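Peer 1: Here are the chains, one letter per residue:
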Amino acid sequence: MSFLNNISVSIVTGFRAILRLPPIEYPKLRFGMSNCLDNDRVSRVWMMASLFALAMLVIILPAYFFDNRVLNDAPIWAKPIKFSLALTIHFVTLLILAQQLERQRRAGITLTFFAYTAVASMLCEVLYITIQASRGRQSHYNHETSFEHFMYSMMGIGAVFLVLASFVLGLMIWRYGKKDGSGLRLGSILGLILGSALTLHYAMTMANISSQSHLVGQVVSHAKIPFLGWSLEVGDLRIPHFVATHMMQILPLAGWILDRYKFRSKWLVLSLALFLTALSSYLFTLALSGKPILLNNL
Amino acid sequence: MNASLTAEQLFGFAGQAASIGWLILVFLPRRINFLFFIPQYFIPFGLSLLYAGLALTYLNSGEGGFGSIGDVRTLFQNDFALLAGWIHYLAFDLFVGAWIARSSDEIGLSRLIQAPILIATFMFGPVGLVLFLSIRAALTKVEVAR
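Those protein sequence lines, which keep their order, are chains A and B.
Residues in the first sequence are numbered from 9 upward in steps of one, following my numbering.
Residues in the second sequence are numbered from 107 upward in steps of one, following my numbering.
It is possible that part of the hints are untrue.
A partial selection of chain B residues facing chain A, derived with a Cβ cut-off under 8 Å [to be verified]:
1. I213
2. P222
3. S240
Pair ranges (Cβ atoms, derived) [stated by the list, open to error]:
4. Y147(B) with G189(A): 53 to 61 Å
5. I301(A) with R208(B): 49 to 57 Å
6. P232(B) with G144(A): 15 to 23 Å
7. R136(B) with I301(A): 50 to 58 Å
8. L218(B) with L179(A): 22 to 30 Å
9. T112(B) with F155(A): 28 to 36 Å
10. R143(A) with A221(B): 17 to 25 Å
11. F155(A) with T163(B): 38 to 46 Å
Keep in mind the hints are simulated off the structure, nothing from the lab.
Every value quoted in this text rests on a predicted model; they were computed, and no experiment measured them.
Positions of the beta carbon are idealized from the N, C-alpha and C atoms, including for glycine.
One chain only, chain B, in its complex shape (with noise of 0.2 Å):
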């Protein structure tokens, strides 16, 4: 990593990424490809690209490892490790919102309803997710005309 990036300002950074990233998914059309590749692959991969930055340099060189809590809050003590497994959230919690955007849209899940659940998405990930699949399961699989 760049010595004179912080871990505070690279925060900033990734978040401000995903936050677009959220915004072009909950407000912008969808049939503009270009538009909805913003949140689908290029946010992802930019900020997947950045985990690997930080995760391959900090999560392996520290104390703590993933075999119990304490060791997870261990290795979690380094800012810049903390800051990876944010940006693994970020990263992934976007990829799966546009995930669930391009389904809803496959379902004729109006916009409306899309709306709540790609926030609860971005702010709690598994719990978007599970609302979006409750309501898929309930529906029967169609071959969808594009």
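Only chain A is shown next, with the shape it has when bound in the complex (with noise of 0.2 Å):
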């Protein structure tokens, strides 16, 4: 593998060289984050990638605000802004956790694959949702035409290539990252392996379940998480499914967290990782069984 790695960078500079280009460079990020940053292709794609979900919640925004539909009991564009800020966050952590890669294995062929799908995948996500969102019709679980049936599975192949991107990543960090024994790294290997197996898993049940909904039981009184919009009356598979996805985030910060301030990293984030994975799938089967997270109403 890296034998086609080293032949996939030397033709693009070879080319470079061969048309007496100037080395590129390109206009880099602001508030001085570029200084921990590579301007390699896969960190360049990651970082536009995750500009972009954030450009799109500045225009959906606006559509927020003057927009008084409501679709499912919440506000028109409630989902969309979430997903732009996840993808956001999404992309955010995958780019900053793979400078622990080497340039030439993180510009390498495996990952670079894996960082295009990812992107797509993330592009075709966010407009099909904010298009579904602005003609009011709901994006996940519609079957009601057959092209939104398409369009449905099709955002499933996508949501398998996001969460592709980060457990390929977290393999790599394990197999190819500086052995350092740093509590950031064991972090980034389990918060992005374990995140990504969980979050496929819970997502798949939930994409598959018979009641076609992510709740599980009879809403009657609508009672919610302010914001967040979980239900606080029946099951809500989405409360596992956010736990684990920010595994990705909370095991590698506080890997890192740890490390500045010499506590011993590894057992605190082994820890930390086995006990996010239990509370993910204890808040699964109470999702499941159809019964709220606080059982106020009882």
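Can you join these two chains into the complex? Each is in its own frame, and there are hints to help.
Peer 2: What follows is the structure, encoded as structure tokens:
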């Protein structure tokens, strides 16, 4: 595989040398972030992907303030807002954690493939969710027309590519990252691998559930957590999905902080990973049995 | 205007011209300067000429104006005036799209991410512009090697 990497890198540099083109220098990120970020093609496409998702938020927010429509008890733009925010965070995470690999490996053929497929999936997901919201229609669980049914299954494939990128990045940090025994390294590996695998499992269960809704149980009072919109009344499968997916941020961040304060980061990160895995699977069984997270109305 | 061409026919021609420009912007390589010249200058220039003809003929000759929504609605009751307004969209959107494409190359934005921004500019002009400007706002200004 490293043989292929070498070839792909040398082809690009070779072409530029033959054509006597100067090496490309692009503008960098503001806020001094570029100091710790490389400028290879994978870092670049992930940086731009997160900026794109954030830019989507810029155009969705005015719509959120203008639009009074409601879909499934929620403001119609709540879902596009949540998705563009979440995908911004996802790609920023991939971008930052990928810096633990050497440039040759990061910009190699394996990660390039998974990076570009993930970005393509993100673009399709965000655009489709936004277009469906502006039409006042559901994007997920929509089988009303054959096109929407088809798009719903395509979104499933897109979601798989989104978590495949983080899963493969986790494996590559494990295999090729600098083996310094740091909490950041362990947190990145556990967060990316466990987070991706659990997310995929919960999301697939959620997608194939017979009721075709992220809620399990009969909704009467519509009690919800503000902003997040999770049900306080019936089982809500989005909660374990949330916990599992954000292990990708929590564990590396915990490891990094523990490293800085010279704690025994290894054991703490490991126990945090175990705790979050247990928490998400508890929330998952709770949601599947139709129970809310806070039993305030029983 | 040539009286033998109906507003509907002109609408069709203008739409086809703009679509060709957008297809070039989204799918074809940027290395060949002549190819990029078509959507950046040639088609917007042609559409602008068509606009000039229609606008100078129809926008001041009939009823209505730009003072209120009612005035604007009255003005665009005339099919040729409406067509002029539509071609204004097509010409300016394509020109802005070409500017976005060029500037995106300068900041090293992948063609994969450029595509949805350009399509957004094609469909909802200002939305695409805001998407691109927001992305560029997060980047520093650096002298770019060309």
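Peer 1: If a hint holds in the structure, say so; if it does not, say that too.
Peer 2: Comparing the hints with the structure gives:
1. I213: holds, 5 Å
2. P222: Nearest chain A Cβ about 5 Å off; hint holds.
3. S240: holds, 4 Å
4. Y147(B) with G189(A): 53 to 61 Å: For G189(A) against Y147(B), whose Cβ atoms are near 59 Å apart, the range 53 to 61 Å holds.
5. I301(A) with R208(B): 49 to 57 Å: Once the Cβ atoms are compared, 51 Å apart, the range 49 to 57 Å for R208(B) and I301(A) holds.
6. P232(B) with G144(A): 15 to 23 Å: holds, 22 Å
7. R136(B) with I301(A): 50 to 58 Å: holds, 52 Å
8. L218(B) with L179(A): 22 to 30 Å: Because 24 Å falls inside the window, the suggested range holds.
9. T112(B) with F155(A): 28 to 36 Å: Given range 28 to 36 Å: holds, Cβ gap about 33 Å.
10. R143(A) with A221(B): 17 to 25 Å: With Cβ atoms ~21 Å apart, the hint holds.
11. F155(A) with T163(B): 38 to 46 Å: holds, 42 Å
Of the numbered hints given earlier, the model fails none.
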